[in-house]
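Please model the entire structure based on the sequences and the hints provided.
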Amino acid sequence: MANFTPYTYFQCPCADSVLPTRNISSDSPSAASGTSDQDERTFDPRAPRSNYSLYPLEHLLYCEDCHQIRCPRCVLDEIVTHYCPNCLFEVPNSIVKSEGTRCTRSCFQCPICIAPLSVSAVEPQPEGHGVADTAHVGQYVLNCAYCLWSSKDIGVYFDKPNAISAQLARIKNGGGQVITPRDRRKDREGRTREASMGPSLDDDGVQEDDGPKLDPNEVLDPEGQFSNLKSFYQSQIAEASPTSALGFTGGDYGYGSPGALSRIMGIYTGGTFADKKVKSKKANFREARDALEGLQIVDLASDADAIKKLQENRWQGTTSLEQRAEQLSEAPFVSDLRPLAYVLRTKRSKRCKTCRHILSKPESKVQTTRFRIRLVALNYIPAITIRPLQPLAPTQRSLLTPRKAVQFLLTFKNPLFENVKVSIATPAHTPGRFKSKVTVLCPQFEVGANTDAWEEALREGGKGAGGEKRRTKAEAHEGQNQAEAGQVWEQGRNWVSVVVEVIPPSIRMDAPDFVKTEEHKNDEGPLREDEDVVEIPAFVRVEWEADAAQDDDTGNLASMREKDGREKRELAYWCVLGLGRIARE
Amino acid sequence: MSSKRHSTAPPPPKPPTQFSSTSSLIIADAASLIGTHLISLSSNTIIHPRTKLISTYAPITVGSNCILSERATIGLQSEPSEGLSQGVVIADYVVVEVGARVEAKSVGEGCIIEVNSKIGKGAVLGKHCKIGPMCVVAENEELADYTVVYGNGMQRVDRSGVEHLKFKMIARQVDVLRKLIPGNLPKFINRT
Chain A
102 MANFTPYTYF
112 QCPCADSVLP
122 TRNISSDSPS
132 AASGTSDQDE
142 RTFDPRAPRS
152 NYSLYPLEHL
162 LYCEDCHQIR
172 CPRCVLDEIV
182 THYCPNCLFE
192 VPNSIVKSEG
202 TRCTRSCFQC
212 PICIAPLSVS
222 AVEPQPEGHG
232 VADTAHVGQY
242 VLNCAYCLWS
252 SKDIGVYFDK
262 PNAISAQLAR
272 IKNGGGQVIT
282 PRDRRKDREG
292 RTREASMGPS
302 LDDDGVQEDD
312 GPKLDPNEVL
322 DPEGQFSNLK
332 SFYQSQIAEA
342 SPTSALGFTG
352 GDYGYGSPGA
362 LSRIMGIYTG
372 GTFADKKVKS
382 KKANFREARD
392 ALEGLQIVDL
402 ASDADAIKKL
412 QENRWQGTTS
422 LEQRAEQLSE
432 APFVSDLRPL
442 AYVLRTKRSK
452 RCKTCRHILS
462 KPESKVQTTR
472 FRIRLVALNY
482 IPAITIRPLQ
492 PLAPTQRSLL
502 TPRKAVQFLL
512 TFKNPLFENV
522 KVSIATPAHT
532 PGRFKSKVTV
542 LCPQFEVGAN
552 TDAWEEALRE
562 GGKGAGGEKR
572 RTKAEAHEGQ
582 NQAEAGQVWE
592 QGRNWVSVVV
602 EVIPPSIRMD
612 APDFVKTEEH
622 KNDEGPLRED
632 EDVVEIPAFV
642 RVEWEADAAQ
652 DDDTGNLASM
662 REKDGREKRE
672 LAYWCVLGLG
682 RIARE
Chain B
34 MSSKRHSTAP
44 PPPKPPTQFS
54 STSSLIIADA
64 ASLIGTHLIS
74 LSSNTIIHPR
84 TKLISTYAPI
94 TVGSNCILSE
104 RATIGLQSEP
114 SEGLSQGVVI
124 ADYVVVEVGA
134 RVEAKSVGEG
144 CIIEVNSKIG
154 KGAVLGKHCK
164 IGPMCVVAEN
174 EELADYTVVY
184 GNGMQRVDRS
194 GVEHLKFKMI
204 ARQVDVLRKL
214 IPGNLPKFIN
224 RT
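Respectively, the protein sequence lines represent chains A and B. Quick note on the numbering used here: the first sequence kicks off at 102 and runs consecutively. Quick note on the numbering used here: the second sequence kicks off at 34 and runs consecutively.
Hints are computed from structural coordinates only; laboratory data are not their basis. All of these numbers come straight from a predicted model, not from anything done at the bench. Errors might be hidden in some of the hints.
To give a feel for the contact side, a few chain B residues facing chain A, derived at Cβ under 7 Å [said to hold, decoys possible]: (1) K163; (2) V181; (3) Y183; (4) G184; (5) V190; (6) D191; (7) S193.
All C-beta atoms in this analysis are idealised placements derived from N, C-alpha and C, irrespective of residue type, glycine included.
Below is the structure:
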């Protein structure tokens with residue numbers, strides 16, 4: 102069994118607010134008692150719900166206005182910037198909206214091994230004179246330095262070493278030209294004009310249509326098919342209902358338009374005004390006929406091709422599951438792979454859901470890792486660290502022996518600039534099937550302020566820090582190992598250690614009945630995952646005096662104003678102390 | 034540090050060596066050639082400081098224009114089984130990067146063996162293979178020409194056909210290294 106590292110998790114209070122919903126269906130008296138019990142009940146770290154409310158202290162934020170801990174569940178994320186992780190270019194919002202969340206410059210990942218690709222010349226740069234005459238088409242390729250894949254393998258060459266993204270969009274695997282959406286639109290417009298003007302003005306249409314002539318039987322890539330289908334059905338809708346629901350004309354309003362949306366919503370809400378109109382105009386839709394309208398007939402020959410390819414290239418020629426998952430379109434063969442543009446990352450600011458104040462805001466510049474606002478819980482609530490009182494010998498296994506008292510040191514470190522009073526409450530027995538007996542030897546104590554370390558030393562004039570109480574090794578050896586009740590074990594400038602004593606239970610499933618707890622008698626199931634870990638729910642209440650905030654008295658339940666501009670603050674929360682694993686017998 | 038702690042034991046015997054040309058071969062002073070079997074090196078090869086060539090169990094043959102980097106270990110490290118008596122044979126234009134461990138039966142022309150990778154005993158690498166960083170080639174494994182081993186033991190065949198370019202690059206690298214690394218060839222000469 103691997104070593105067990107003690108841990109502390111803090112419960113975010115946001116979980117409480119949603120708890121009572123379960124009791125709504127049951128009859129009222131029990132529901133009422135149920136809700137009142139919620140506050141009184143001991144927090145059970147093993148309850149299925151607890152998983153979602155326990156966080157390490159480092160993951161938590163603290164709202165200064167609500168005076169509450171905030172977890173990732175009760176904050177709102179807002180995107181500050183999008184940026185490319187490869188070139189660190191900050192991508193403006195407008196481009197993200199139009200081009201999607203991938204880098205549009207020259208940042209690509211290898212489709213084989215996801216290493217970054219670099220642009221390199223196919224021919225080595227000629228040295229000295231004669232540079233001019235070697236410029237020929239298709240000079241550059243994307244190259245993976247790690248697995249040696251290059252865009253040569255899929256037959257893609259680039260004319261310029263920059264703006265690869267734009268070039269790649271126009272090149273098919275194998276070197277063919279991709280017909281861009283713009284060309285498609287042009288072609289479509291040309292055809293509709295031809296159709297409307299009649300055959301007499303035929304040559305005029307041809308003149309305007311200078312893009313590549315589209316083949317009605319071409320094999321479309323998924324993007325091309327989608328754009329063709331979309332435009333086809335848009336034109337169909339426009340023809341079928343010249344005036345849309347809101348009285349707008351024209352085909353620009355597809356299914357994405359607000360009018361169409363309200364109509365769709367109307368269907369579900371039993372809407373009123375728009376339906377009848379729509380129903381009365383029974384649309385007479387024609388289906389797509391050829392590739393220009395987005396129709397792709399499944400070609401059985403392509404299956405035969407695939408099988409042939411499989412026979413030729415074998416396993417080496419096929420892509421792995423991970424490689425396919427990264428690709429934008431279907432890519433069963435290595436030759437179908439496309440370089441992957443880097444997915445953009447974001448910097449986010451976080452807001453309190455309750456009061457909408459910003460809790461964390463990073464610098465918008467990509468290169469800096471600093472934060473403008475960062476209210477992390479680490480700076481507001483005492484951190485708790487756990488270590489065994491008797492240090493274990495290196496040879497000893499770090500498992501707890503059942504039915505043998507073991508003592509742990511809980512060290513509270515105060516991050517605040519005021520003295521805090523801490524009280525800890527734990528249940529005498531931990532919840533669950535196997536109950537550990539828990540005793541906190543000193544449940545109430547005061548932790549010094551987090552003042553400047555030097556200030557303290559100077560004031561004391563070299564006499565040693567006041568209130569410092571450290572146990573030396575010698576003391577620990579001379580039978581001083583016994584902790585007294587009501588006394589802190591050690592303390593320093595801004596930290597205090599107290600002793601907690603735990604008697605772990607036996608976790609035998611075949612124990613005699615009189616040893617078993619009620620819960621165990623009711624549930625004889627096999628040992629569950631991590632059920633042998635001693636987890637102690639502890640209710641921690643922290644009290645301190647702070648300078649009164651200006652905008653007080655508004656929704657600030659925990660503070661009581663005092664005369665001299667000082668106010669009492671208190672913060673109370675559940676946390677879970679994971680102490681150790683119990684040895685099997 | 035080494036000046037303070039002189040070993041009292043006599044220095045290990047020099048392995049017999051055979052150099053095809055003494056002018057273009059560079060063996061750094063701090064490189065270590067140990068063992069009892071023949072070590073033969075060809076022209077234009079660069080051996081960095083602290084490279085280890087161990088011929089304790091079987092001979093080592095290195096071709097021309099090779100680069101053997103720091104802390105790379107070449108040579109069998111255990112008793113050879115049958116059919117491995119010719120030891121490690123490295124062909125021309127092979128780059129063995131920092132910390133790699135090569136016990137292969139043969140390494141083909143133009144192979145690149147990356148940082149901290151391991152080539153097991155008796156493995157055969159074809160021509161122009163690339164073994165990625167930290168990758169492992171198992172004992173007695175045979176890789177076809179142009180194989181690239183990367184990531185978590187994955188393989189692919191690289192058909193980009195830029196071998197002549199790579200040769201040029203290696204030749205250039207050798208030229209630069211020859212100027213940078215002071216060789217001390219006479220130290221290692223031990224004709225039998």
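We went through each hint and held it up to the structure:
1. K163: This interface hint holds because 6 Å falls under the 7 Å limit.
2. V181: Nearest chain A Cβ about 5 Å off; hint holds.
3. Y183: Hint holds; Y183(B) Cβ to chain A Cβ min 4 Å, cut 7 Å.
4. G184: The hint holds - G184(B) has a Cβ within 7 Å of chain A, the shortest such distance being about 6 Å.
5. V190: holds, 6 Å
6. D191: Nearest chain A Cβ about 4 Å off; hint holds.
7. S193: holds, 5 Å
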